[in-house]
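J.: Protein chains in written order, with this note's numbering: chain A, 108 to 246; chain B, 35 to 645.
Treat the hints with caution; some may be incorrect.
[Claimed, not checked] Ranges between beta-carbon positions, derived for each pair:
1. Lys189(A) <-> Gly512(B): 34 to 44 Å
2. Lys591(B) <-> Lys189(A): 21 to 31 Å
3. Val199(A) <-> Lys194(B): 43 to 53 Å
4. Tyr150(A) <-> Gly471(B): 30 to 40 Å
5. Val199(A) <-> Leu277(B): 35 to 45 Å
6. Arg241(A) <-> Pro430(B): 43 to 53 Å
7. Pro330(B) <-> Asp220(A): 54 to 64 Å
8. Asp246(A) <-> Pro411(B): 54 to 64 Å
9. Val198(B) <-> Tyr150(A): 52 to 62 Å
10. Pro258(B) <-> Val199(A): 34 to 44 Å
11. Thr417(B) <-> Lys141(A): 48 to 58 Å
[As the list claims (entries may be wrong)] Pulled from the structure, derived: some chain B residues nowhere near chain A, Cβ distances all over 10 Å:
12. Leu311
13. Phe487
14. Val528
Honestly, the hints are just simulated from the structure, not real lab data.
Backbone N, C-alpha and C define an ideal beta-carbon position, used for all residues, glycine too.
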Amino acid sequence: MRYLEFAVAAALCVVGVSHAQEALAGKKQSDSDKALYTVVDGYKVDADTLAGFRAWRAAACDRCHGANQEGMVGPSLIESLKVITKEEFIAVVRDGRLDRGMQSFGNDPRVMDNIDHLYAYLKGRSDGAITRARVQAMD
Amino acid sequence: MKISERFIKVGSPLLGALLLALPGLAPANADLQKKMSDPKNWAAQAGDFFNQRYSKLEQINAGNVGKMQVAWTFSTGVLRGHEGSPLVVDGMMFVHTPFPNKVFALDLDTQKIVWRYEPRQDPSVIAQMCCDTVYRGLAYAEGKIFLQQADSTLVALNAKDGNVLWSVVNGDPKLGAVNTNAPHVFGDKVITGISGGEWGVRGFLAAYDINTGKLAWKGYSTGPDNEMLIDPEKTVTWTDGELKPVGKDSSLKTWEGDQWKIGGGTTWGWFSWDPELNLVYYGTGNPSTWNPSQRPGDNRWSMTIFARDLNTGVAKWVYQMTPHDEWDYDGVNEMILADIPVKGKPTKALVHFDRNGFAYTLDRATGALLVAEKYDPTVNWATHVDMKTGRPAVDPTFSTSKFTNPQHGPDVNVKGICPAALGTKDQQPASFDPKTGLFYVPTNHVCMDYEPFEVDYVAGQPYVGATLSMYPTPNSHGGMGNFITWDAGEGKIVQSKAEKFSVWSGSLNTAGGISCYGTLEGYLKCVDAKDITKELYSFKTPSGIIGNVFTYEHKGKQYIGVYSGIGGWAGIGMAAGLEADTDGLGAVGGYRELQDYTQLGGSLTIFALPD
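Using the sequences and the hints given, assemble the complete structure.
T.: Pasting the structure below:
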């Protein structure tokens, strides 16, 4: 069995944001060698990304976004995370989009204490690097 | 609240005296009773107090239903799932919608909108509703329409002009306490429940005065005896083959610490009432969380059939169907009251098709357990119900709790559990046909994998604690539903008609010898009540049907109607949510196919025979 290791850099998809933000994102990237997430075999992930999965599960995001993030009542996060920035993602999770049925998780420590990890997990799913919604700890 | 405070001070001896004094004094609502007894009306969600969903109209019958045509249609202007049905009272039709819970009063002579009402609600409530923004309908009594808003506000409207007569707040939506149930008028009270079992809401049934909106009583599902309106000495339950008092602290003893405060047992189903016994019947939902290893004990009185006195709210009897639930088998499905022979003996029966896959027949006067049998032979989480203890014999293979199976528990994915969490039947109500003596039951034929996990309670946030995947019952006909007939006196399936998708629509039987129901693809179907495999009529409405079929007569003509508007737990939850590497690729294809048949969109379709 051949193990493929994905070490995906924090390649944020920056769409329609200002140059200042773009530069900030780029600076961040070069400042840190740390990958956004690390995944082996498509479903074995680093501890932080696993914490992101646990936040996803605890907050029951699957009830609207689908067990595999493919979308149900809420939009597909596989698609959305190809379009929105990390900052936009955090704002939506924190404040909600009440008119569209997205609740605010701003007062939910299960989510907000793990927001970076949650983003990393979902970004890995959106990138196609994490191939299963249900991930496990790396050995 | 007022009543329960009084109970604390007064104690049970006086309570007993109160109970003795009150039966027989029930102020029967003569107006509603009269409207119901005229089959031209459809004056309550089930057509009657007994939840029978049977009409005496017979103009449309087994011989001519094949010729039925669409008479007129009405768009509600709202997307998402449309459950329940309109009401018809004296030539007016009252139409409701899911959130934002609009109400339209239509003149049946012209189909003109006479008045409309749209409450102002904080849209944040949408996110607090677990399983789509459904609403199961209005109630009527004495010139008033009762609207139970999603944000828990209960409103009485003047049926003539839609003006607000009174309104009362029933729960706190910020904590996830919302409403999806239809209010029900029994006597001089309007009864409502609460939703939010997936937010750790503590369930209750509440009775308000129809004229003032004043709270008459409120009985919780869990907690101290006085707050549940349970009399430890007089409230009985089936124990060792007989009815015995539940005893002191019957709920508190079955929870760890204060867990009962966030313990669920919500009450979002259909209620019924026997005016002679003056008892209100309903079921309570799942204990919170869905991770049973976090809540040792039986978790009483979640998953329970309650019989409460309409005047006082005091529970006469209780029966817990699924102690220490491990599968989200809410006990909220409707209680159908019918006088039928049970094992040869004429019985005032209560018949209940539970989410857990067992159909129960009880003596509705005493609470005695008479029959408990599977109404889908593939149900596997329990082998049978022990008729002496009344408890299910759980197969540890399909247990998700470490207390039942030490090898299982958090982060262990238990596969192949039947039925799935949405049950062999969910809220979609069954019908009873007094002519055949049978029950006509819309069912799900779906199994699941269930992986519980540890979850912390955060007020106002989801409190679920399990990940599920659902798929059609393996090694069966490949479909996800059946429409069946059931002999509740013997506990046997009489006939079963396979359906491609779950039958998530309330059925209707009529004196014309037909039984009608809707399908998730959007077909309204009518079958021969004597042989349900004979499909006599089928028509594709604009969207999938999760509403209930109803009938009425106007100007000498019988009409049959149903909402379409796909959604609800079945409609949205099942069209997605599976990945290709779960069991049965064909099964996955089966679910996705729903998208090929239907799209969102709320409308009402009314059928009649051609002139």
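J.: Are the hints correct? Go through all of them and say.
T.: The hints, checked one at a time:
no.	hint	verdict
1	Lys189(A) <-> Gly512(B): 34 to 44 Å	holds, 35 Å
2	Lys591(B) <-> Lys189(A): 21 to 31 Å	violated, 56 Å
3	Val199(A) <-> Lys194(B): 43 to 53 Å	holds, 45 Å
4	Tyr150(A) <-> Gly471(B): 30 to 40 Å	violated, 54 Å
5	Val199(A) <-> Leu277(B): 35 to 45 Å	violated, 54 Å
6	Arg241(A) <-> Pro430(B): 43 to 53 Å	violated, 23 Å
7	Pro330(B) <-> Asp220(A): 54 to 64 Å	violated, 28 Å
8	Asp246(A) <-> Pro411(B): 54 to 64 Å	violated, 44 Å
9	Val198(B) <-> Tyr150(A): 52 to 62 Å	holds, 55 Å
10	Pro258(B) <-> Val199(A): 34 to 44 Å	holds, 42 Å
11	Thr417(B) <-> Lys141(A): 48 to 58 Å	holds, 53 Å
12	Leu311	holds, 39 Å
13	Phe487	violated, 6 Å
14	Val528	holds, 36 Å
When the structure is compared with the earlier hints, violations turn up for hints 2, 4, 5, 6, 7, 8 and 13 and for no others.
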